[in-house]
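Spelled out, the chains give:
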Amino acid sequence: MSMGTANGMAAGTVEIAPAANVSAYRASRRRESVRSLALALPLLLFLLATFIYPIGSLLLRSVQSGEVAAALPQVAAALQDWRGPDLPAPAAFEAMAQDIASAQADGTLVSAARRLNNYEPGFRSLILKTARRLQDLSAGSAAQAFADIDKRWSEVETWRLIQRAAAPLTPDYLLSAVDLTVGPNGFTALPADQQIYQSAFARTFLISGSVTLLCLVLGYPVAYLLATLPTRQSNRLMIFVIVPFWTSLLVRTTAWYVLLQPNGVVNSLLMASGLTDAPLSLMFNRIGVLIGMTHVLLPFMILANYAVMRGISPSYQRAAVSLGAHPAVAFLRVYVPQTLPGIGTGAFLVFVLALGYYITPALLGGGGDEMISQLIAFQMERQLNWGLAGALSVYLVLLTLAAYFAFNHFVGVDKLRLG
Amino acid sequence: MPLSSSPLVTFSHVAKTYDGAIYVIRDLNFEISDGEFLSLLGPSGSGKTTTLMMLAGFEAPSGGTIRLGDRTLNELPPHKRDIGMVFQNYALFPHMTVAENIAFPLSVRGLSKPEQRERVSRALDMIELGRLGDRKPGQLSGGQQQRVALARALVFEPRLVLMDEPLGALDKALRETMQYEIKRLHHRLGVTVVYVTHDQGEALTMSDRVAVFHGGAIQQIAPPSELYEDPANAFVADFIGENNGIEGEVERLDTGYATLRMPGGRTFRGKAGGDLKAGETAMLALRPERVSVDNGSSEARNQLSGTVEEIIYCGDHRRIYIATESARNFIIKVPNTQHTVLPASGESVRVNWRYDDCKIVSAAQA
Chain A
204 MSMGTANGMA AGTVEIAPAA NVSAYRASRR RESVRSLALA LPLLLFLLAT
254 FIYPIGSLLL RSVQSGEVAA ALPQVAAALQ DWRGPDLPAP AAFEAMAQDI
304 ASAQADGTLV SAARRLNNYE PGFRSLILKT ARRLQDLSAG SAAQAFADID
354 KRWSEVETWR LIQRAAAPLT PDYLLSAVDL TVGPNGFTAL PADQQIYQSA
404 FARTFLISGS VTLLCLVLGY PVAYLLATLP TRQSNRLMIF VIVPFWTSLL
454 VRTTAWYVLL QPNGVVNSLL MASGLTDAPL SLMFNRIGVL IGMTHVLLPF
504 MILANYAVMR GISPSYQRAA VSLGAHPAVA FLRVYVPQTL PGIGTGAFLV
554 FVLALGYYIT PALLGGGGDE MISQLIAFQM ERQLNWGLAG ALSVYLVLLT
604 LAAYFAFNHF VGVDKLRLG
Chain B
23 MPLSSSPLVT FSHVAKTYDG AIYVIRDLNF EISDGEFLSL LGPSGSGKTT
73 TLMMLAGFEA PSGGTIRLGD RTLNELPPHK RDIGMVFQNY ALFPHMTVAE
123 NIAFPLSVRG LSKPEQRERV SRALDMIELG RLGDRKPGQL SGGQQQRVAL
173 ARALVFEPRL VLMDEPLGAL DKALRETMQY EIKRLHHRLG VTVVYVTHDQ
223 GEALTMSDRV AVFHGGAIQQ IAPPSELYED PANAFVADFI GENNGIEGEV
273 ERLDTGYATL RMPGGRTFRG KAGGDLKAGE TAMLALRPER VSVDNGSSEA
323 RNQLSGTVEE IIYCGDHRRI YIATESARNF IIKVPNTQHT VLPASGESVR
373 VNWRYDDCKI VSAAQA
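Chain order of the listed sequences is A and B.
Heads up: take any position in the first sequence, counting from 1, add 203, and you land on my numbering.
Heads up: take any position in the second sequence, counting from 1, add 22, and you land on my numbering.
Think of the hints as simulated: they come from the structure by calculation, not from any bench.
Nothing here was measured: the structure is a model prediction, and the numbers come from that model.
By construction, the Cβ of each residue, glycine as well, lies at the ideal position given by its N, Cα and C atoms.
There could be a bad hint or two in this list.
Per the computed footprint, the stretches of chain B lying under chain A, defined by three or more beta-carbons under 8 Å from a beta-carbon of chain A, are [as the list claims (entries may be wrong)]:
1. 173–183
2. 234–247
Derived Cβ-Cβ restraints for the label pairs, each shown as a range [what the hints assert, rightly or not]:
3. A:Val-225 / B:Gln-161: 51 to 61 Å
4. B:Lys-158 / A:Pro-530: 20 to 30 Å
5. B:Leu-364 / A:Tyr-228: 55 to 65 Å
6. A:His-612 / B:Asp-41: 47 to 57 Å
7. B:Leu-133 / A:His-612: 32 to 42 Å
8. A:Val-225 / B:Leu-364: 55 to 65 Å
9. A:Gly-514 / B:Ser-143: 42 to 52 Å
10. B:Ser-143 / A:His-612: 30 to 40 Å
11. B:Leu-133 / A:Leu-416: 31 to 41 Å
12. A:Ser-437 / B:Thr-94: 54 to 64 Å
13. B:Lys-135 / A:Ala-458: 47 to 57 Å
Only part of the chain A face toward chain B is listed, based on derived beta-carbon distances under 7 Å [claimed, not checked]:
14. His-498
15. Ile-515
16. Tyr-519
17. Ala-522
Produce the entire structure from the sequences given, and follow the hints as far as they go.
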C-alpha cells in the first residue's frame with residue numbers, strides 16, 4: 204500500500220482500493236472456487252454417471268415413444284398427414300407390409316408390437332399374426348391382403364392407434380399413470396374396473412401420512428426423554444435409537460417378517476398371555492406395513508426432534524411456570540412451539556422416505572397395500588413397460604417436490620436440523 | 023428506605039440435601055421484609071441459588087418451612103406462588119413477540135384480551151420500549167431483552183420478585199444502567215426483590231440488606247455499610263471488599279475491644295467481634311484505606327513496620343504492597359491527593375491505624 208493511502212486512512216476518509224488490488228482479490232477468489240470445484244468434481248462425475256443420467260433417462264421415457272417409429276418408419280411417414288375418418292391411402296398398407304418385413308428381419312418388430320399392445324390388448328398378436336401371414340402373400344392389393352388377414356386392419360381405430368404410437372413424443376404414459384386415456388373426444392377416464400393408479404397414489408399418501416403420524420406420536424416423547432435426561436443416561440439410551448438406524452433395512456424388515464407371522468413370536472406371546480385365543484393377522488395386511496415402516500423410519504423422527512430439543516434451555520419452561528402457567532400449559536404453549544422445526548423436519552423426512560418405500564410394504568403388505576414404488580417396479584420388471592414406469596416415477600418425484608415445498612412454506616428449509 | 027415491620031418471607035430451619043449426606047443448605051433462618059431489596063451474595067456453590075430456587079418452588083426443602091405472607095410455601099407448586107422471576111439468560115420465549123411475552127402471565131391467569139393489552143402497554147411504557155411490542159426477543163439488544171424480562175416478571179403485580187444474576191450477561195456499562203433501572207422500578211413499585219449475584223459491587227450498591235452465603239449458610243445478613251465496616255467473621259471480611267487479614271491468638275478481651283497476639287510477639291488491638299474466646303485463633307480485619315504511612319498522631323494506634331515491595335498507580339489512588347513480619351502481602355490504599363508523600367519502593371516504612379478502624383473477628387464460619 205502506498206504512502207498516500209496510509210495518509211488517507213489516517214485522515215479518516217473512505218478508502219477505495221486501487222484497481223490492481225481488486226483484480227488480485229478477484230483472482231484469488233477465482234482460484235478458491237476452482238479449487239472447491241476440483242475437490243467436488245470426482246463426486247459430481249460419479250453422481251452424473253450413476254444417478255442423474257439414469258434417473259433422467261427413465262423420467263424421459265415417460266414421454267418418449269420411439270419403438271414404433273423405429274420399427275415402422277415408412278408407416279410413420281405415410282400416416283403423418285392422415286386425419287381420417289376414412290382408412291389411410293393404399294400406400295400406407297404397402298408401407299406397413301414392407302416395414303413389417305424389414306422390422307421382423309432386424310428384430311425390432313417385437314418391441315413395437317409390445318408398445319402397441321399397451322394401448323389395446325391383442326395388438327401384439329395382431330402384429331405378429333400379420334407378420335407370419337404376410338410372408339405367404341405376395342400378389343394383389345396390400346389393403347385387401349391385410350383385410351383378409353384380420354378384419355381389424357379395416358378399422359380406422361387400428362390405424363389411429365398406430366399413428367399415435369408412431370409419434371416421437373406421447374402423453375399416453377403420463378395419462379395412463381393417472382388412469383386417463385385419449386379417446387375420440389379428448390381425455391377420458393378409464394372404466395372404473397381398470398383404474399388402479401389414482402387409488403395407488405392415494406394409498407401411498409395415506410400410508411405415508413399414517414406412518415408419519417405414528418412416528419411423531421411414538422418418537423416425540425422419546426426425543427423429549429433423551430433431550431431432558433442427564434447426558435450419560437441419554438447417551439446410553441441413544442444407542443437403542445442409533446443401532447437400529449445403522450442396521451440394514453432389509454434385515455429389520457425380515458425380522459418383522461419372522462416376528463409377525465401367525466405362529467411367530469408376537470402371536471405366541473399374545474396367546475400365551477391369554478390376550479387372544481387365535482393368532483392375529485399381523486402381516487400381509489396394512490397393519491404389517493404400518494408396523495414395519497414405522498419401526499424403520501422412527502429413528503429419523505427421534506433424531507430430528509432430539510437435535511432441536513437439545514438446544515432448548517429448560518429455563519423457558521421454568522420461566523413459564525414461574526409466571527403462573529401450569530406445567531402442562533407451559534409445555535404446550537412454550538416448549539412445543541419451539542420444537543416445531545424438529546417436528547417439521549422429522550415429519551418431512553419420514554413422509555418423503557415413506558413415499559418411495561418398496562421393500563417393507565412388499566414383504567409385509569398384502570394385496571391391497573401396494574405402494575406406488577411397487578407398481579413402478581412391477582411395470583419395469585414384469586411388464587417391461589418402462590414408459591409407464593417412468594411416468595409413475597414422474598408423478599412420484601412431483602409429489603415429493605410438492606411435499607418439499609409444503610415443508611419449506613410451513614417450516615422453512617433453513618430451519619432443517621439433522622444433528 | 024423504610025422497611026415495614028411485618029416479614030413477607032420467613033425461612034425457618036430450612037435445609038436442603040440431594041443425597042441425605044451432604045447438605046447444600048444447613049439450617050437457614052432469616053426474614054425478608056415487605057418492600058425490601060435483599061441480595062443473596064456468595065461464591066458459586068455457596069447455596070444462594072439453591073435458596074432462591076426453593077423460594078421459587080423449583081427445589082423442595084429437605085427440612086424446615088418457608089412462608090410467604092401467611093401461607094406455607096413448602097407444598098405449593100411454583101405456578102401457584104405468584105412470585106415473579108427474572109432468569110440469568112432472560113428466558114424470553116423466542117417464538118412470541120415482546121408483547122406476547124409480557125402478556126403471558128396475564129393470559130395464563132385468564133385476564134380478558136382488552137385488559138391484557140392495557141396492562142402490556144403500561145408495562146412497555148414503564149420499561150420505555152413502547153414501540154417494540156411487535157418485535158421478537160431475538161431482534162432486541164441484551165439490555166432491551168433484560169428490560170422485557172423485568173416487565174414480564176412485574177406485569178402481574180407479584181408481591182415478590184426473584185432475580186437470578188439478571189445482569190450477568192451484560193457488559194459493564196450496560197450493567198450499571200440496568201442496576202439503576204432495577205432500583206428505580208423497585209422504588210416506584212414498592213415490590214419486594216430477592217436478588218442473587220456473585221458481584222459484590224452490585225450487591226452493595228443496590229441492596230437494603232445483603233445476605234452473604236458460604237458453605238450452605240448465611241455468614242452475615244446486614245445492610246451494606248455494616249457488612250463492610252463490621253464484618254461478622256473472617257470470611258465476610260475477606261469476601262466483601264479488600265482486607266488485610268492477619269491471624270493471631272486472642273490474648274485479652276475487654277469492653278468491646280480485643281487484643282490479638284502475633285506469633286512474633288507483636289500485639290494489635292481492635293474492636294472485638296462476636297464469638298471470641300481468649301486463647302483461640304482469630305483474625306485481624308483491616309481495610310487497606312484505613313492505614314496511614316505517615317507518622318501517627320497522639321491517638322492510640324496499632325503499629326507495623328515493613329519494606330515497600332511495589333507501588334501500583336490506580337488513578338484515584340495508589341496501592342502499596344508491603345512485606346511485614348506479620349503479613350506477607352499487606353496492602354495500603356493511599357488516595358491520590360495533592361500533598362501525599364509516598365515512600366519509594368524498597369524503603370522501610372512504619373504504618374499505623376486506629377484501634378477503631380480494625381476488627382478482631384472469629385476465624386470460624388457460621
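Comparing the hints with the structure gives:
no.	hint	verdict
1	173–183	holds (count 3)
2	234–247	violated (count 0)
3	A:Val-225 / B:Gln-161: 51 to 61 Å	violated (35 Å)
4	B:Lys-158 / A:Pro-530: 20 to 30 Å	holds (25 Å)
5	B:Leu-364 / A:Tyr-228: 55 to 65 Å	holds (57 Å)
6	A:His-612 / B:Asp-41: 47 to 57 Å	holds (51 Å)
7	B:Leu-133 / A:His-612: 32 to 42 Å	holds (34 Å)
8	A:Val-225 / B:Leu-364: 55 to 65 Å	holds (59 Å)
9	A:Gly-514 / B:Ser-143: 42 to 52 Å	violated (33 Å)
10	B:Ser-143 / A:His-612: 30 to 40 Å	holds (33 Å)
11	B:Leu-133 / A:Leu-416: 31 to 41 Å	holds (36 Å)
12	A:Ser-437 / B:Thr-94: 54 to 64 Å	violated (36 Å)
13	B:Lys-135 / A:Ala-458: 47 to 57 Å	holds (55 Å)
14	His-498	violated (32 Å)
15	Ile-515	violated (9 Å)
16	Tyr-519	holds (5 Å)
17	Ala-522	holds (4 Å)
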